[in-house]
Amino acid sequence: MNTSVNDGSAGHAEIVQATDLRRRYGEGEAAVDALAGVSVGFPEGRFAAIMGPSGSGKSTLMHILAGLDRPTSGTVRIAGVELTTLGDRDLTQLRRERIGFIFQTFNLLPVLNAQENILLPLSIAGRKPDREWFDRLIDTVGIRDRLSHRPAELSGGQQQRVAVARALISRPSVVFADEPSGNLDSKASNDVLELLRHAVDDFSQTVVMVTHDANAASFADRLLLLADGRIVHDGDAVTAEQALDLMKSVG
Amino acid sequence: MLKLVLRGFVQRKLRVALTAIAIALGVALMAGTYILTDTIDQSFAGIFQTANRGHDVVITPTKTLGSNVRPETSPISEQTLARVRATPGVAEAAGSIFSPATFLRVNGKRLTSGGAPQFVSSELPKRFESFNAVRGRFPTSADELAIDEATAERANLKLGEQMLIAGSVPAKRYTIVGIIKFGGGQSFGGAGAALLIPAEAQRVVGEQGRFDQIDVAAKAGVTPSQLRGRVRAVLPPAVEVQTGAQQAATESAELESDLSFLRTFLLVFAYVALVVGAFIIFNTFSITVAQRTREFGLLRTLGGSRLQIMQSVVVEGLLLGVVGAVLGLLGGIALAPALDQLFKAFGADLPDSGTVLETRTIVVSLLVGTIVTVLAGLPPALRATRVPPLAAMREGVEIPPRTSITRGRYAVPVLLVLIVVRLVAAVAQGAGTATIAITAAIGVALLIVRLRQRARGRRYRLTRALARAIGSLVAWRGITGRLARENSIRQPGRTLITAAALTVGLALVTFVAVLAAGTKATIDQSVSRSFAGNLILENSQPGGEQGIPALVAVVLRHIPGVASVTPIDFTVGRLHGSSSNASITAIEPSTFERAYRVEWKQGSNATLLALGNTGTVLTKGYASSHHLKVGQAVSVLTPTGQHVSLMVLGIANDNARLLGDLTIGLPLARAAFGQREDDLDFATYAPGVRNSQVQPVVDRLLARYLPQVRSRTAAQFKQDQANQINTLLALIYVLLALSVIVSLFGIVNTLILSIYERTRELGMLRAIGTSRRQVRQMIRYESVITALIGAVFGLVIGVVGAILFTTIALSGSGYVQSIPVGTLIVLLVVAALAGLIAAQLPARRAARLDLLQALAGE
Numbered sequence: 000m001n002t003s004v005n006d007g008s009a010g011h012a013e014i015v016q017a018t019d020l021r022r023r024y025g026e027g028e029a030a031v032d033a034l035a036g037v038s039v040g041f042p043e044g045r046f047a048a049i050m051g052p053s054g055s056g057k058s059t060l061m062h063i064l065a066g067l068d069r070p071t072s073g074t075v076r077i078a079g080v081e082l083t084t085l086g087d088r089d090l091t092q093l094r095r096e097r098i099g100f101i102f103q104t105f106n107l108l109p110v111l112n113a114q115e116n117i118l119l120p121l122s123i124a125g126r127k128p129d130r131e132w133f134d135r136l137i138d139t140v141g142i143r144d145r146l147s148h149r150p151a152e153l154s155g156g157q158q159q160r161v162a163v164a165r166a167l168i169s170r171p172s173v174v175f176a177d178e179p180s181g182n183l184d185s186k187a188s189n190d191v192l193e194l195l196r197h198a199v200d201d202f203s204q205t206v207v208m209v210t211h212d213a214n215a216a217s218f219a220d221r222l223l224l225l226a227d228g229r230i231v232h233d234g235d236a237v238t239a240e241q242a243l244d245l246m247k248s249v250g
Numbered sequence: 000m001l002k003l004v005l006r007g008f009v010q011r012k013l014r015v016a017l018t019a020i021a022i023a024l025g026v027a028l029m030a031g032t033y034i035l036t037d038t039i040d041q042s043f044a045g046i047f048q049t050a051n052r053g054h055d056v057v058i059t060p061t062k063t064l065g066s067n068v069r070p071e072t073s074p075i076s077e078q079t080l081a082r083v084r085a086t087p088g089v090a091e092a093a094g095s096i097f098s099p100a101t102f103l104r105v106n107g108k109r110l111t112s113g114g115a116p117q118f119v120s121s122e123l124p125k126r127f128e129s130f131n132a133v134r135g136r137f138p139t140s141a142d143e144l145a146i147d148e149a150t151a152e153r154a155n156l157k158l159g160e161q162m163l164i165a166g167s168v169p170a171k172r173y174t175i176v177g178i179i180k181f182g183g184g185q186s187f188g189g190a191g192a193a194l195l196i197p198a199e200a201q202r203v204v205g206e207q208g209r210f211d212q213i214d215v216a217a218k219a220g221v222t223p224s225q226l227r228g229r230v231r232a233v234l235p236p237a238v239e240v241q242t243g244a245q246q247a248a249t250e251s252a253e254l255e256s257d258l259s260f261l262r263t264f265l266l267v268f269a270y271v272a273l274v275v276g277a278f279i280i281f282n283t284f285s286i287t288v289a290q291r292t293r294e295f296g297l298l299r300t301l302g303g304s305r306l307q308i309m310q311s312v313v314v315e316g317l318l319l320g321v322v323g324a325v326l327g328l329l330g331g332i333a334l335a336p337a338l339d340q341l342f343k344a345f346g347a348d349l350p351d352s353g354t355v356l357e358t359r360t361i362v363v364s365l366l367v368g369t370i371v372t373v374l375a376g377l378p379p380a381l382r383a384t385r386v387p388p389l390a391a392m393r394e395g396v397e398i399p400p401r402t403s404i405t406r407g408r409y410a411v412p413v414l415l416v417l418i419v420v421r422l423v424a425a426v427a428q429g430a431g432t433a434t435i436a437i438t439a440a441i442g443v444a445l446l447i448v449r450l451r452q453r454a455r456g457r458r459y460r461l462t463r464a465l466a467r468a469i470g471s472l473v474a475w476r477g478i479t480g481r482l483a484r485e486n487s488i489r490q491p492g493r494t495l496i497t498a499a500a501l502t503v504g505l506a507l508v509t510f511v512a513v514l515a516a517g518t519k520a521t522i523d524q525s526v527s528r529s530f531a532g533n534l535i536l537e538n539s540q541p542g543g544e545q546g547i548p549a550l551v552a553v554v555l556r557h558i559p560g561v562a563s564v565t566p567i568d569f570t571v572g573r574l575h576g577s578s579s580n581a582s583i584t585a586i587e588p589s590t591f592e593r594a595y596r597v598e599w600k601q602g603s604n605a606t607l608l609a610l611g612n613t614g615t616v617l618t619k620g621y622a623s624s625h626h627l628k629v630g631q632a633v634s635v636l637t638p639t640g641q642h643v644s645l646m647v648l649g650i651a652n653d654n655a656r657l658l659g660d661l662t663i664g665l666p667l668a669r670a671a672f673g674q675r676e677d678d679l680d681f682a683t684y685a686p687g688v689r690n691s692q693v694q695p696v697v698d699r700l701l702a703r704y705l706p707q708v709r710s711r712t713a714a715q716f717k718q719d720q721a722n723q724i725n726t727l728l729a730l731i732y733v734l735l736a737l738s739v740i741v742s743l744f745g746i747v748n749t750l751i752l753s754i755y756e757r758t759r760e761l762g763m764l765r766a767i768g769t770s771r772r773q774v775r776q777m778i779r780y781e782s783v784i785t786a787l788i789g790a791v792f793g794l795v796i797g798v799v800g801a802i803l804f805t806t807i808a809l810s811g812s813g814y815v816q817s818i819p820v821g822t823l824i825v826l827l828v829v830a831a832l833a834g835l836i837a838a839q840l841p842a843r844r845a846a847r848l849d850l851l852q853a854l855a856g857e
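If you're matching them up, the sequences are chains A and B in order. Residue numbering for the first sequence follows numbering that gives the first Met the number 0, starting at 0 and increasing by one per position. Residue numbering for the second sequence follows numbering that gives the first Met the number 0, starting at 0 and increasing by one per position.
Just so you know, these hints were derived from the structure itself, not from any lab. Since this is a predicted model, take the numbers as computed values, not measurements.
Here are some, though not all, of the chain B residues that point toward chain A, as calculated from beta-carbon distances under 7 Å:
no. : residue
1   : I478
2   : R489
3   : G768
4   : S770
Pairwise CB distance ranges, derived in the manner of DEER restraints:
no. : chain 1 : residue 1 : chain 2 : residue 2 : range
5   : B       : Q307      : A       : H197      : 47 to 57 Å
6   : B       : Q307      : A       : R69       : 41 to 51 Å
7   : A       : R69       : B       : V820      : 54 to 64 Å
8   : A       : T74       : B       : Q839      : 32 to 42 Å
9   : B       : L851      : A       : R170      : 19 to 29 Å
To give a feel for the contact side, a few chain A residues facing chain B, derived at Cβ under 10 Å:
no. : residue
10  : F102
11  : P109
12  : E115
13  : L119
14  : I123
15  : R165
Every residue gets a Cβ at the ideal spot worked out from N, C-alpha and C, and that includes glycine.
Work out the full structure: start from the sequences and follow the hints.
Structure, rendered in structure tokens:
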């Protein structure tokens, strides 16, 4: 089993770089190490999938990489900015400019229509949308005819495509996707994952995805496997079957 | 089940606290009211007991027309005293004076007593005297007095210094020879007392040869009631003879009935606050029941019965009610002194020693607080029973609607109609303001329930439209404003009820404000229309018992530039066959028309000249309500117990309300009604004379000799009236503010619960770059929108209600409608600010939300 840390493909700068991340929950005997020393880099324009069994620390890793949680020790840099020492204000600013999010439960605002939901990050940041980019995005995700609909009037797949557009609208340095296909049927699931693949290939978007779905992992360029707070596998793209086998091996 | 409820209670500390406070504030005002009035009651009872100590028998004027009507001229004379002294069994008898007067510094400035009256008291033989000297001695000559300690301290007056007293005669200078204290050391309220020798006291209050009271002591072996019987036998019915104990009891009872007005007045505001609190309880329970749908579903799946589900919610309401009521009762104990201070600030100083906590106060407060809470929580509890077991399995299961929804749909409008009918009837019958206000508050609450029913039928179109309109004001502030607007109409029913709590308070504030503005406008207009004179003379402490000496009119006539002076007296009488007193204005027929324009329905100014001692003019309203016509004779019982027969000579319409139900000639008032002083004098200048030529002269003269009197021009008079209304208005505002505060807790509660529901949404917003400031802003905007919805509804209901009320109740009385636009705008601004304040805590909580926890559960 390959346990060495991938130093990234040649020609790609590391847009996200984590060094020796540790995260401990609780104290004393009941303390749990969710991350027990993780160092990993994510190069620009690549699609990485992080897999692992429940409790492996994959969600914690993503939360820390995205600045939603702080490590007990270790550092995280996004586009050269050290996250772990930033205050709430700067973190907020960083999330606005550098990070896009895709959630398992879509998390669209029910009171806004699709277009407003897509533009929400820009509205919050008080920025004017780039019309051309917006047009290109909605054509890419294929929801032009649904722009004035509210989330309740959209199917799950459509909602998640809106969420993908929302994550991409501000051209972030990195998009973190947390089980993006977890709540979708297989058809919608493939649509969304293809969309992410497309974003990486055509827009050079960096995507980091946490998933337990081997099929989802097969869309990525790279597969990381976590178990007990450590990276136990880091390798190139695999098929769904291979991913499943890898998962079984770490059990 | 109880264990479950208790555990939930502890877990939701903040919500429990906020909800309990909603009910506690109303209960606190209620308990505070009882404690305050009981304390005042008991203090006065103590005063009366002390005052009547050593008095076996007490003789007072018979109050023919009720406890509040004391004839200006006492029927107790020196002859009465002589007859009492000659009665067998009398050891000692003494006549006494205890009448209101005005205390001043030697420079003519009034000594204030915080709005409480000042009395002149005559020195009594030792066994009857309830004052004792703490410093110096009692007066021995007509130029000396002893003053009560509190007044002396407040004015920093010392032994040997001088002061003035003005009663029914010009002010006179006295040397202070003693500082006195009321026996037993009880508080005498803020009231001041000056002790004079008997003859001087009689002179000051204009009762030479007369007494306010005769105190009698029995010889050994004669019981008070025996003596009472003997004295009664030798005295005319114009005087009342009671034992000392009876007298103290009578005085206490009279005071209690006077105080009951204060009690009812304050309780009205407590009930209003409770109604508002009930709204909040209802809303909070509705929201939590909705949020706990899954939990109830689970309980049902595990075999819980509907009854058990309901019980768990009802028990929660019961616990909350008890907590709120207990908090309220404790709050009431703290609030009572504050209320006392409030009244002091508004010029009513009442005696209060200690804190009287009657069992009744405790029982009523606890019961009312608990019952209101349980009742308000009942509809949500019933709703909880309809949660299907399926709700445990799935998210977003709707609670099925009530099958018998038609019941409420028809019951509420029917009740509403009944309330309106009752209200109109109450107004028409001239019922007490309390009845009207409580009925109105229930009416407003029902109206809101009805509006909500209708709104539900129309999917809250009005609330949504209003929220959109108000929201547009903040939406231009960017995405936070826009989101706040959308969030406020997300659950329009919830927003409406939250806002409705504020609506109740603001509707009443608006109602009162509109009524006050109209009343001021009415006074303005009617004084301008009716008053033809130039100067009004009145007691310099208006609203009190004291009039102005009859001498004032005489003196005024001699001032250059004054062409005519007409004195006006107010008294009461009771028509034969009537159970209530009629107000009577006595005028001087020959001079009245020069200062006042009467609008005649029947008759003319010549009618006034024909009044004599046998004629009367009625006001239109009284004539029609008592079915009296010109040419009819009426028999009137006077305050001195005489019966006079009067012929109705004319009917007048008097919007300025100077004329009472009956108008009679002044000589008759003096002869048969015991009137000795005047209440007002109207002076009219000679043609071409300017006010600046006369008023300064009048004022100089008054300051020097009659400082108890002051002069007012029509403009000043109007201003005085407006000020009086404003003072009352301010008091009502302060008391209604409590309801508004209660409704703010409702907004806080709803916001916190809504934020809890939207935790994940807020987490997402934060994750994609919303700053804490933006989150706070969003919550604040939402709160302001909710508050403004409530305010707009309140303003509309208040204005429409006031217009309807005045149109129905005051039709034909010359009421001038006036909408205080400025005040209404201020109210909107205040509501918006209140919304901001209410948002502080929820906004902070929302901003501090733990991002990870918010996003968890995926």
